[in-house]
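These protein sequence lines are chains A, B and C, in that order.
Going left to right, the first sequence walks through residues 356 to 700 as our numbering numbers them.
Going left to right, the second sequence walks through residues 356 to 688 as our numbering numbers them.
Going left to right, the third sequence walks through residues 5 to 350 as our numbering numbers them.
Just so you know, not all the hints are guaranteed correct.
[What the hints assert, rightly or not] Stretch by stretch, here's where chain B covers chain C in the computed footprint (C-beta under 8 Å, at least three residues): (1) 66-77; (2) 103-116; (3) 147-154; (4) 334-344.
I should point out that these hints are in silico values taken from the structure, not numbers from a laboratory.
By construction, the Cβ of each residue, glycine as well, lies at the ideal position given by its N, Cα and C atoms.
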Amino acid sequence: MTDNLLEVSGLKMHFPITKGVFKRKVGAVRAVDGIDLAVKKGETLGLVGESGCGKSTTGRLMTRILEPTEGKVLFDGRDVSHVGQAGLRPLRRDVQMIFQDPYSSLNPRHTVGSIISAPLQIQNIPTPNGLKSAVQDLLKLVGLNPEHYNRYPHEFSGGQRQRIGIARALALRPKLIVADEPVSALDVSIQAQVVNLLDDLQREFDLTYVFIAHDLSVVRHISDRVAVMYLGRVVEIADREQLYKNPRHPYTVALMSAVPVPDPARRERAQRNRVLLTGDVPSPINPPSGCRFRTRCWKAQDICATEDPALIPRLEDPASHQTACHFPVTEDEVVAGRRPAGAQA
Amino acid sequence: MLSYLIRRIVNAVITLLVVTMVTFGIFFAVPTITGSDPALLYIGKTADQASLDGIRTKLGLDDPIPVQYGKFIKGLVAGRDYASGNDVTHCDAPCLGYSFKTEQEVTPLLLSDIPVTLSLALGAAVLWVLIGVATGVLSALRRGSFLDRAAMTGALAGVSLPIYFTGQLALLIFIHWLGWLPDTAYTPFLENPASWFTGLILPWVTLAFLFAATYARLTRANMLETLNEDYIRTARSKGLTERTVIGKHGLRAVLTPLVTIFGLDFGTLLAGAILTEQVFNLRGLGYQALTAIRQNDLPVILGVTLLAAIFIVVINLIVDLLYSVIDPRVRLG
Amino acid sequence: MSSTTTGTRPFLEVKDLTVRFETDDGIVQAVSNSSFAVERGKTLGIVGESGSGKSVTSLAVLGLHRTRSNAKVAGEIWLDDQELVTATDEDVRKLRGGKMAMIFQDPLSAMHPYYTVGAQIVEGYRVHHKGVSKKEARTRTIDMLARVGIPQPEKRFNEYGHQFSGGMRQRAMIAMALVNDPQLLIADEPTTALDVTVQAQILDLIRDLQDEFGSAVIMITHDLGVVAELADDVLVMYGGKIIERGPAADVFHEPQHPYTWGLLGSMPRLDRDVRDRLTPVKGTPPSLINLPDGCAFHPRCPYAGRNGNRSFTEVPELRGGVHAVACHLPAEEKRRIFHEEVAPNL
């Protein structure tokens, strides 16, 4: 067996756009449009990208909340791409999801106790010391007061609600947790508390994470490997250090240079080095031909419009670093720290 | 836009067809099945078998129900002939048949009722929209004040008091005690606008009171919600006067959803304000409907129902089209 | 009105600003005794988490609490030698959108859904330029849309907010705010709802426009990175109070308040090596209805007990020169703690 817990290949999710009384299909939003990824046991894979890049849809496909239009999802070697209710039941034990909005993802009319114990009851998990004590153990684990199992979600702050969401996800002792923007709705100090909690839980329970976020700093902090997505595709994937020190894809370079640095002394340099992208992300209904980033790329040439670059390793990089680009940014360009020639201000 | 319009019109026609089927089914088929003979209803219990058979043939009641329905639709679209031997009666399109009781053609009967109901509904609508929206806006702006509480108490009364109570009370006070107004009656507007007005003002006010109450409450709630919107804060931050902020930015957002509700209310009212017409003795569609139901006059009931459905479907169509004009988010999807 | 004006005042000077709201649950002490100043051409960053009072402060400067009957604003706000707290509603209205303007966090909800973008900007221009024709206002608006980097401004003039992308929408909001050449621009989390590459564009635009027009800017944000990019001076707010104030370089390099340390410790940073663990503030922010006695931060402060009982009973004043801090810890002690215990973990 491989040491991959989850593998997706050729994964596509097209949401049809229909028109008229007869729901004639007139097109499709190609939210995820052919991605291959593997998540190794025990690692954290970060998924970054801007809104509309398909990262959340990818997360939902991995957890099989959505059924892919095309492609495969293999969990622990088992093909779960199209399994029905019965096949999903065991998968739900092993794969759990944490959502962005701790306000809307918890049913306001259920107590925290019943929210957290629901997965245990649905899956008929025996609880030797009773359901209540199982719930209280989970609350303690995520840093909440076990006495509060009878309270309702609105009685908790945003950070505490996210902890409830984590406790619910942990109840079945899953192998994989897909966390979709788990900290982006939280205040900075609370964000860090939750990130630390996720770190601790991973160590304690040997968890594998897929961490989806738009915040590059948080993703770097928590991930072992990071995949950058753009318009339904993975454009670059590498080990964390490698990706952040030697980004190869022009989009990754632009993305990283756009992050404001919390150091006024470096302000000038950061601004000088910044690659400002112009325009907006094209529509996923009708993505550009060839390389999808070419319409905003300062290195684009004719071939970029005709040939779709494959996600492949480069000679100068380790095999684990893959880039989908005809003209990857060279180490010189990155190190020199100058605005790449032709980049627009 | 054009394809949207065509689609909506096709939808409306289908809806109306379904309505005719259902009402036709209920009014003609059910009595046949349960054994209460429409022919008997038409001619009265004392009829002999021969004239009963004649009527049956003439009205086509011997035909299978789908054929009867087909003839009914044909009558609507192209007119039809009722024939029994040499006795042939032609009925022009849109033909709704003949009243069982008065033997008049149903279509002209109903058409003559429309101006009454239309006058009643229009006048009341103008009043209730003006009063309801103004009260709602003022209440929202002075939330918690005496005015707000008084208005909302009044609105609660308006919503909960039935029209046969408020209507009778109004008749009693303004006509019988104070004698300020003549008896309520319908005079065609073109004949004498003044009597048209004085004869209808009391029903208008009574009816408007009921609806204004709902509109005041809705407007107040919408306005309070709108005033918390970010775009209202933006409007203020631009330095616009409160009058512009409320009267333009606020009101525009408040009125838009009211259009839908207004369409429904107005459509329903056009189909006949049964209670109001009854209380004030106005011979409109509602009055006609009630009389027909009492007398088991099937063709008239069918006609009124169909007319009501047409009003509601058409008004809804207009509202939806209007909505796509006033809300750009709908228009441009 | 206070008439003790001596010498020249800063362009915007806020003194002892206090804002409270009377609610059914009690009195919300949203901002307490806050004082700060901004000069023309300078940017003040106000940092804090939700409920810290940063947005309430900015709305108070614009006089936007005046329409809320349950709001009480006290203190002084001097804009270009004019006092605003005691000024009439009409006087403040004339300044709003004219001399001082604001851009908001979520440009979609900040635009009226039923009016075109152009109409909304024209309206803001004409209310401050009486007698200007619609045509002139339209020309001015299209110029502004072009200036903030919106392609095809004539076409976009007639479109609605929901037809714009997030970044273009915020550009249009900036055009709306700048149409009357304001001398004070308040930006309340202007990039929080935007993607990072778009955020970079918008910050760049604000910086350019400031260079061009020399206005004073107040940038309100929870993102220390954004503040570091733009601000000359920084205020850190907590529980409705300013707990640290100073030049950006000082606040970022020699932060003096334990809460500021916690904020810095909470952020993973791309410009440093990856830390094993983040070092956030423990606990949650206080309720503004029921603020803790003494220093509002003491329940979350790891150093609260180091100085006897003062933190629990006495509200610390904002003290110091250019770089001021509201904390009971002695200055020497703070410096030592920061360099020995805090900085190595950042």
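Now for the hints, and whether the structure bears them out:
Interface restraint, the stretch 66-77 of chain C with chain B: holds (3 residues with C-beta to C-beta distance below 8 Å; minimum three). Look at the stretch 103-116 of chain C against chain B: 8 of its residues bring a Cβ nearer than 8 Å to a Cβ of that chain, three or more, so the hint holds. A stretch counts as covered by a chain when three or more of its residues have a beta carbon under 8 Å from one of that chain; for the stretch 147-154 of chain C and chain B the count is 0, and the coverage is violated. Under the rule that three or more residues need a Cβ within less than 8 Å of chain B, the assignment of the stretch 334-344 of chain C is violated, with 0 such residues.
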